[in-house]
Every structure is written in C-alpha cells, then in structure tokens.
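> Each chain is listed here by its residues.
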Amino acid sequence: MADFPMPPKERHLLASILDQLIPGSCERNIPGAGETGVADYLAHVAARRSRFDTALRRLLARASELADGIDSDAIRRLEQSMPMEFAELLTETYKGYYSRPDMRAKVGVGAHPVHPSGYEVAQESAEFMDSLVEPVRARGPFYRDPSKAGGGRDGERSG
Amino acid sequence: MASDPVDVLIVGAGASGAAIAWSLLETRMRILCLEQGDHLQDSDFPSRRDDYELARYAEFSCDPNVRKLKQDYPINSEGSCITPVNWNGVGGSTINFLGHWPRMKPSDFRTRSLDGVGEDWPLDYHDLAPFYDMNDANTGVSGLGGNPAYPDYTPPLPPIPIGKLGQTLAMGFNRLGWHWWPSDVAILSLDHDGRQRCVNAGTCDLGCAAGAKGGTNFTYWPVLENAGVELRTNARVREILVDRNTGLAKGVLYHGSDGQVHEQRAEMVVMACNGVGTPRMLLHSTSRLFPDGLANRSGLVGKNLMFHPLTGISGVFDEPMKGHEGPMACSILSQEFYESDPSRGFVRGYGLHSGRSTTPMTYALGGFGIDDPIPWGAEHREIMDNVYPYLAGLTVVTEDLPEEHNSVTLDPELTDGDGIPAPRISYRLSENTRAMLKHGEDRANEALLAAGARRILPNDSDKVWRRAGWHQMGTCRMGNDPKNSVVDGWGRSHDVKNLFIVDGSIFVTSGAVNPTATIQALALYIGDRIKTNIGNLFD
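Sequence lines, in order, name chains R and H. Our numbering numbers the first residue of the first sequence as 1 and each following residue consecutively. Our numbering numbers the first residue of the second sequence as 1 and each following residue consecutively.
Next up, chain R with everything else stripped away, as it sits in the complex:
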C-alpha cells in the first residue's frame, strides 16, 4: 500500500480535527494533538492498515464539507454521521498522542522507557507495615477450614 497522501490542505484539516479531539492547555503548557504532529503517526498507520486508511479518507472528505470550519460542534456532527470511522480515528489519535514520551511526562508519567530504570518506590519499613496491618491481625483468623474441627462455619478455625 502506498503512503497516505497528505497534501498541506488535508494535513491542516486533520491537525484542526486532532486539536479538537485532544486540546492543549496553555496554562499547563501542553500542546494539543494537532500541534504535536499526531497526523504523521496517523499517516503511518494508514499506510499499513487499509481499513484505517479508508476511514481516514472518508472522514477527511466529510470534514472538508463542513461549511462552518472545525469546532467542537462540527466534530460532534462528524462523530454522529460516521461513528465507526470516528471511533477508529479517536483510538488511533489517543495511541499516537500518548505514545510520545513528552506527552506521558505532561500527565505525570516518566518519559523514559520503563526498562531498565523503572521507578524508585520507597520500601515501607517493617515497623510501618506492622503498624498498618495491626488492626487486621488483631481480628484473628477468619477463614473456613473444613478439615479442622468446627471449621465449617464462618469465622471459625482451629489449628
């Protein structure tokens, strides 16, 4: 399959749609999906999956007919008129956006690959854990053990 052809006009239209799907936040310095170049990711997926390629082409054709430009109302109309195609676009947009390390970091998750360094999580001390489980221990055993005398009823156990 040939790469998804993305003339500037269509790319601009797609970026506008993407910024509506995942808007940015000026306050938190987070770019929207259109600004981050998720369109490139979508073109990459479309070049490899004919079903998505078809869905994207149809959505863009429909979107270009929307007279009032791309705002949230227009996106809602797109969603209502082409629900299957829209669902595919939404899924791939989320994948494209959150597969970016910089976008992970914006929501508090490490930008790095999780191996080999992972995350530093402090080990609770034995004393702390003992104090935390103390109320549970204090209740005593409460499982049923049918192999023990009288163990067939709730809350009883011996041995």
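Now the in silico label distances, taken between C-beta atoms and shown as ranges:
# : chain 1 : residue 1 : chain 2 : residue 2 : range
1 : R       : Ala47     : H       : Asp191    : 42 to 48 Å
2 : R       : Asp40     : H       : Val387    : 24 to 30 Å
3 : R       : Arg48     : H       : Asp411    : 27 to 33 Å
4 : R       : Ala47     : H       : Asn484    : 52 to 58 Å
These aren't lab readings, by the way, just hints derived from the structure by calculation. For each residue, glycine too, the CB sits at the ideal point set by N, CA and C.
Fit chain H to the known structure of chain R by using the hints.
Here is chain H on its own, set in the frame of chain R:
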C-alpha cells in the same frame, strides 16, 4: 517423520508444563516439551522502547485475536462476554501475567460440602500446602507472612512496596474494620537466585525485561534446559495419538518449525495447554476408541469453563497516587467478602484487589482489558489533567461457579495457521455472579470513600471487562467419579491411563483468586504422585 521416543512428553511450556517437568527431573526419565511458540529474546520486550504502550494494542496484546502472531491460534469468543487472553511461547501466559500470587483457601476445595454449590475437590488445601511452599521458593515469591485469612505460611521474600496508593487504601480498609493484606506476588522484592529485583516499571503485562517477575522463562526453564530437558519450540501439536490395542496414548503429531508434520512417540503424555488449549486438543484427537474426543467418556471435556469475571471501581483523590509506579496488579488484597454469607444474596464470594493505575494511553483507551475510550475534547483534557493522576481503584474479582453450558468446543470453520480447528467459547454470567459483582462494586465504593476519595467515577454495572479471560479453568475437571470428571485426584485421565493433565482445566471450582500459584502447586503435586506411583503408573 518420526523422532526417537521419549519417556515423558509435555505439551506446553507455560506455568504447569515447566513445574511438572521440574518435579520429574529426578526420575532421570527422558523429558521432551513441545511448545508452539518460541523463546522471547531480550530485544523483544517493548518496555525498552520509547513507545512501549503501543505494543499493548499490537504484538504484545494479551488477546491472541489482536496479536495474531504465527504461534497464536484464533479464539471464537463471539458467544461470550469475556474473551480468553494468553501468551503462546516459552513461559506461556506467565510472560504477560501480572504476577499476582494469592493461594486458594481451604474452603475453596469444599464448596459442595460447605455451601451446596460446585463440587468438592478430590484433594484439599493441606495436600497442596507443601507444594505451594516448594513452588514459592522456586519462583521467588514476595509477601508478608501471618495473613489471618489463611493457615499460617510465610513467603520466602519480604513484600514489595505497596506504595502511596496501597497505603492510602489500606487505611481506608482499616477505618472500616475490613480485612486487607499486602499481596503475595511472583515478583522479586530483592535480588534472588541470579535474578534482579523489581524496578517498579509498572508494565508487567508487556513481559518483564528485568526478569524480576516469576515467569517460567526466568524461573524453571533455565534450570530445566541446563538439566537436559529438551524444549522443542515452534512445535504445534495437532493431535494426540492412541494405540488402538491398548487404549493408551502413544504420542502426538505436531507441526514443526520446518513446516512438516512430525510424529513423536512417548510413554506418557502430559497436557499443559491451559483451560482452553487442552480441551481443544483433546476434542480434536478423535479416534475409533474415542469418537467424541480423547479422554472424554464423561462428556465433560470442554464443559464447566470458569473465568473470574471482573469489574473495577475508581476513586479520585486529592493527591497524585503515582499508580503507574510499581507492579500493576499487585498492591493489596482484601478478602473481607471472600467466604459465603447467606445474608448477601449470593453464595461464595470475591476479593477486592487494589491494582495500581495504568499508563496514560491505556487509561485514555478505556483501561486495561476494556475498549471504551474516554471522551474527547475539553472533557478529555480535564480527565487527563485532573482525574487520571489522582486515581486509585479496586477490582472486584468474583468466584465463578461451574456450569456445564459454559464451554469450549471446536469451531466448525475457524482454524489456526496449520488448519487445526480453533476453540469456540460459549459463556454467560450467572445471576449469582451478577449479584456478587454488584455487591462488590458497592463495597469498593465504601472502601474508596473511607480511604479519602473525593468522588467515585461512574461505572456501568452491566459490563464486565471483556479482555479478562486470563484464568481459564474447569474444562477437564478432577474427581474421583469417572462419570463426573475427566481426570482423577492426581491428574491422570480416567480413560487413558498414561495421559495426564496439569493445567487450570483440572480445577473443580475456581476460587476467587488468581490461579497460577495453585496451577503450579497442583502440577508439582501431580509430579509427586507420579513419582510415588512410578512402579504401577499405568495400571
């Protein structure tokens, strides 16, 4: 083409196949394991990549129908609200399982006697206890001893951190006076036996590149291969062969890595292909002696399929919970509602599992095992900025009771890449399970609020997680009565005396805990019984 015969032929290199091979090592029998997948190479682990989350929706999906790798077989689950998930390769589903390691409880083995449902097992907790201990040592299990919800035992390694999220929820349970305990996990809290401790990567389902998670690719198989067990990969079994004169299994036909069909003879065949793969293979192995499938004179091969239906409740807290840091399913476990209580309106019970959070992409797409993306637009921004980082959740994991109509059969049309019929799943939730899920959701709400959640996210009570069929049990169940079970009390087929089954299909009931610790303990127990009875094994 035929190969030299072996003493023991194990089909499947996952949790149970590895464990029984280890148990039988000391017999010095020639052991061969056929595995349809391959070893994972270090470069195969997606967690070393920047875009690691994408793999969860492609080559490292837990769903073989999404993954569609060469070694995978498709599963028709259109007739089920839950679809089976797995991994095919050395390590089996311990490659992508989450390492949660609770044991079953004494009452789980006697549900008929205690609660009038299911069936009693032909063995009990105390029969398995030494094998749980043995397997915990081999696997490297971390946890805190003295859990009052069990007979006394202590995991070999100290617990992994429960983290801010676990501590917060634990205090909520304490406020309510409910049971909870740090989860037992097949994940190393300390460097152990040449393996590295957990680095809290939080992506256990993408395989553990560090080797901290106790997949049998890191635990049993290195030992087994060094000891001379032959592991033949890319070898997909097609059919189990039966000697028409003796009625014994004589070996298998399998598709090899060379694309050819081979015959492998064996004195003993051990099935370890999980609760879907094993009945599939038995049902496909028909003969004059067994026209309805091998070892199926009871008619129960493939019947009584049990999963653990799940639902999840999330609360939003005031501070970031950092739930993506640490093993994803394993923090704390409450068994307050595990045992039967007639006043609740259902029999048996469930656990409240505190998993940690998932990564941003997976959350945006609906959560682990769910295809239901969060809203787009301004609401999306609000959720990802002001909800996602502050989440802590509880998963309701319910016991599933055996029902014959829940089943694995052979699909009349769908096949794998070698033309072997695919399994077809027919499964529906019982009213008992629905009542349990509803009760669990309400209790989870209470626990989250007691822990300080400022609000609870709405949940659709009618839905269970679809990609949640990790635990596949009951489809070749154990029992003393050949009319009512497929294998006897030590995993041997009632019908074929040299055919053993060691995977989750032999479970009689499901309990409400992750089954792998029990699957492996059972495999070690069966190995022990084989060794004890070696002199008259096939009588």
